[in-house]
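Each chain is listed here by its residues.
2 protein chains.
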Amino acid sequence: MNPETAAPRDLSEVVLGVDIGGTNTKFGYVDRNGRCIAKSAMPTCSDQPPGVFFSRLKDHSDLLRKSLPGRIELAGIGIGAPNANYRRATIEHPPNISWEYVDVRSELEKHYSIPVAVTNDANAAALGEMLFGAAKGMKDFIIITLGTGLGSGIVTNGELVYGADGFAGEIGHTVVDPKGRQCGCGKLGCLETYCSATGLCRTVQELICNSTEPSRLRHISFHELDARMVSDAAMNGDTLALKAFDITGSILGMKLADSVAHLSPEAIILFGGLAAAGDLIFKPTRLSLEQHLFPVFRNKVKLLNSSLDEADAAVLGAGALIWNLLTRR
Amino acid sequence: MNPETAAPRDLSEVVLGVDIGGTNTKFGYVDRNGRCIAKSAMPTCSDQPPGVFFSRLKDHSDLLRKSLPGRIELAGIGIGAPNANYRRATIEHPPNISWEYVDVRSELEKHYSIPVAVTNDANAAALGEMLFGAAKGMKDFIIITLGTGLGSGIVTNGELVYGADGFAGEIGHTVVDPKGRQCGCGKLGCLETYCSATGLCRTVQELICNSTEPSRLRHISFHELDARMVSDAAMNGDTLALKAFDITGSILGMKLADSVAHLSPEAIILFGGLAAAGDLIFKPTRLSLEQHLFPVFRNKVKLLNSSLDEADAAVLGAGALIWNLLTRR
Numbered sequence: 001m002n003p004e005t006a007a008p009r010d011l012s013e014v015v016l017g018v019d020i021g022g023t024n025t026k027f028g029y030v031d032r033n034g035r036c037i038a039k040s041a042m043p044t045c046s047d048q049p050p051g052v053f054f055s056r057l058k059d060h061s062d063l064l065r066k067s068l069p070g071r072i073e074l075a076g077i078g079i080g081a082p083n084a085n086y087r088r089a090t091i092e093h094p095p096n097i098s099w100e101y102v103d104v105r106s107e108l109e110k111h112y113s114i115p116v117a118v119t120n121d122a123n124a125a126a127l128g129e130m131l132f133g134a135a136k137g138m139k140d141f142i143i144i145t146l147g148t149g150l151g152s153g154i155v156t157n158g159e160l161v162y163g164a165d166g167f168a169g170e171i172g173h174t175v176v177d178p179k180g181r182q183c184g185c186g187k188l189g190c191l192e193t194y195c196s197a198t199g200l201c202r203t204v205q206e207l208i209c210n211s212t213e214p215s216r217l218r219h220i221s222f223h224e225l226d227a228r229m230v231s232d233a234a235m236n237g238d239t240l241a242l243k244a245f246d247i248t249g250s251i252l253g254m255k256l257a258d259s260v261a262h263l264s265p266e267a268i269i270l271f272g273g274l275a276a277a278g279d280l281i282f283k284p285t286r287l288s289l290e291q292h293l294f295p296v297f298r299n300k301v302k303l304l305n306s307s308l309d310e311a312d313a314a315v316l317g318a319g320a321l322i323w324n325l326l327t328r329r
Numbered sequence: 330m331n332p333e334t335a336a337p338r339d340l341s342e343v344v345l346g347v348d349i350g351g352t353n354t355k356f357g358y359v360d361r362n363g364r365c366i367a368k369s370a371m372p373t374c375s376d377q378p379p380g381v382f383f384s385r386l387k388d389h390s391d392l393l394r395k396s397l398p399g400r401i402e403l404a405g406i407g408i409g410a411p412n413a414n415y416r417r418a419t420i421e422h423p424p425n426i427s428w429e430y431v432d433v434r435s436e437l438e439k440h441y442s443i444p445v446a447v448t449n450d451a452n453a454a455a456l457g458e459m460l461f462g463a464a465k466g467m468k469d470f471i472i473i474t475l476g477t478g479l480g481s482g483i484v485t486n487g488e489l490v491y492g493a494d495g496f497a498g499e500i501g502h503t504v505v506d507p508k509g510r511q512c513g514c515g516k517l518g519c520l521e522t523y524c525s526a527t528g529l530c531r532t533v534q535e536l537i538c539n540s541t542e543p544s545r546l547r548h549i550s551f552h553e554l555d556a557r558m559v560s561d562a563a564m565n566g567d568t569l570a571l572k573a574f575d576i577t578g579s580i581l582g583m584k585l586a587d588s589v590a591h592l593s594p595e596a597i598i599l600f601g602g603l604a605a606a607g608d609l610i611f612k613p614t615r616l617s618l619e620q621h622l623f624p625v626f627r628n629k630v631k632l633l634n635s636s637l638d639e640a641d642a643a644v645l646g647a648g649a650l651i652w653n654l655l656t657r658r
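Read top to bottom, the protein sequences are chains A and B.
For the first sequence, counting from 1, position 83 maps to 83 in my numbering; every step adds exactly one.
Just add 329 to wherever you are in the second sequence, counting from 1, and you've got my numbering.
No lab work stands behind these hints, which were simulated from the structure alone.
These numbers were taken from a predicted model, which means no experiment stands behind them.
Listed below are the simulated DSS-like cross-link pairs for lysine-lysine, each with C-alpha atoms no more than 25 Å apart in a straight line: (1) Lys572/B with Lys508/B; (2) Lys283/A with Lys516/B; (3) Lys187/A with Lys631/B; (4) Lys179/A with Lys508/B; (5) Lys136/A with Lys300/A; (6) Lys465/B with Lys368/B; (7) Lys187/A with Lys508/B; (8) Lys629/B with Lys187/A; (9) Lys516/B with Lys300/A; (10) Lys508/B with Lys283/A; (11) Lys139/A with Lys468/B; (12) Lys612/B with Lys179/A; (13) Lys612/B with Lys187/A; (14) Lys302/A with Lys516/B; (15) Lys139/A with Lys300/A; (16) Lys243/A with Lys508/B; (17) Lys283/A with Lys243/A; (18) Lys631/B with Lys572/B; (19) Lys136/A with Lys283/A; (20) Lys243/A with Lys302/A; (21) Lys572/B with Lys179/A; (22) Lys179/A with Lys516/B.
Derived DEER-like restraints, expressed as beta-carbon distance ranges: (23) Gly515/B with Tyr112/A: 53 to 63 Å; (24) Cys209/A with Glu639/B: 47 to 57 Å; (25) Pro398/B with Asp103/A: 54 to 64 Å; (26) Gly184/A with Leu517/B: 23 to 33 Å; (27) Lys136/A with Gly466/B: 29 to 39 Å; (28) Arg298/A with Lys629/B: 32 to 42 Å; (29) Lys302/A with Cys538/B: 39 to 49 Å; (30) Glu639/B with Asn299/A: 29 to 39 Å; (31) Arg385/B with Asn33/A: 49 to 59 Å; (32) Asp103/A with Pro624/B: 13 to 23 Å; (33) Glu73/A with Lys468/B: 30 to 40 Å.
Virtual Cβ for every residue (Gly too), placed ideally from N, Cα, C.
Given only the sequences and the hints, what does the whole structure look like? Please build it.
Okay, structure coming up:
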């Protein structure tokens, strides 16, 4: 018997996890234990047609595969992308990417004949946490990604919720104030206009104009301001910056209490740039969450930080998406 | 072969559906096609211990069973009750019932050795709609029961959402206004203080004091006022009553848009006394829902009236709860 084929088949099985972003696309090989055994990146170049992108992805990922020691069997491909639809395996009108409508399955079938799955980055992050991270073993939880916007992924009864049309998990577009801040989606007062990196900066500007509180942030234009500057100022005791975090957490906690009323999750996991601010965001969020919870849920819901390495999380999430599908078959 | 035992077993199988209310308990035998083949009721008498109640239930339901023609096999018992916990099979601190904590499974095991399941009335209603009603064949939907309060039941991926601790589906306690109306749960501004039979009456009182609009409802005390009087007035063109319905629907639609952002349901089903007001509540709710929906969900989510006969719905729902469990085994 040939020793190569005699090796246990699943020991060498990996999936390709791909995270398509507006500027760059990260990809890597993920084993079934959630180790990213090799990773790389390439520019997305969405000014070129999707067909060109997927050809380049095939070339780049094949090259990375060749660099791996030993025999590797590719079991599937998982893709995370903005506005991705799991049910249709499509990407539809993604923000910050020039493509209109991409039939991801058809594009990949030109190059591969293995299982493929597509979802948005927050859903991929939820599956990453469930298979490999802070939600391991949980059957009911919510992940909130606090980046430029606010994304979310919901798991109930051990399964990701895609909903009737595949777009469930848009907690960022629940309403905080129907006459509130203009949102990129066209509505007013969406949660992500308050609770996200951008939302935090908008709150700083609001405090600058509404109060006379001295702050180093008064010297920075809105265009230049980013969440990191606000958290740096807060860590140095800037009271206006601290207040901005308190307001952000207080709104987030109140709306998360609504999410708990719907779903009774075991945990809510915060992920992304703003979550990295630690207690600055966790403390006011936890306080407001408990305060607004229906009594039966009080002191039960864990508010956790993601346990995935942020550098690998997107690729791990996309890998978890396809591993989750493969292991259920 | 004895002709009685030769009959196909499942033709004669029924479940006992029980709906425990503050004053009365309804019960009936439900076949697997959702027909309530016999029903009855008895006073709940919660001033007596739960053990007495379940003995009486056994006696009354056995009596009803004897009145049925032919041989009937009892396959299981489903119970709907306020503050019922599916995971623990308990009733915990139910409002309007004097019991503190009832271990329903233990109580029933004294009399029966068949499968038993317990849930709250809104979850039972959701299963009733899924197995026998307006949600037949749907995998993602929400039911909203508009009675004295606002109850809800959520189905995702074809399964009822109980959440980590069995109490999911408390949409009535999401926050409309954190400084708003006092709720029975101890919080302020819960959805059910605005959108329920009681909420509608509170809105009428608010309009009476805030406006000078003439209305026949000005002659009725808050204590005497009920939702039926408001809908009768509205149907007769009373502008204040019409306005109260518009406000109720507008708040309900806005908050249901949040529910859709979470779950992307195929349909939202309204059930109960207030839903019976038809267009008076459906029109403003639908309008506000569409207006507050994240664009990707617009013109997709059906807003439906329950298709179950209201007189049988609670018993059918409790029956569906146990049928759902039996058919999955």
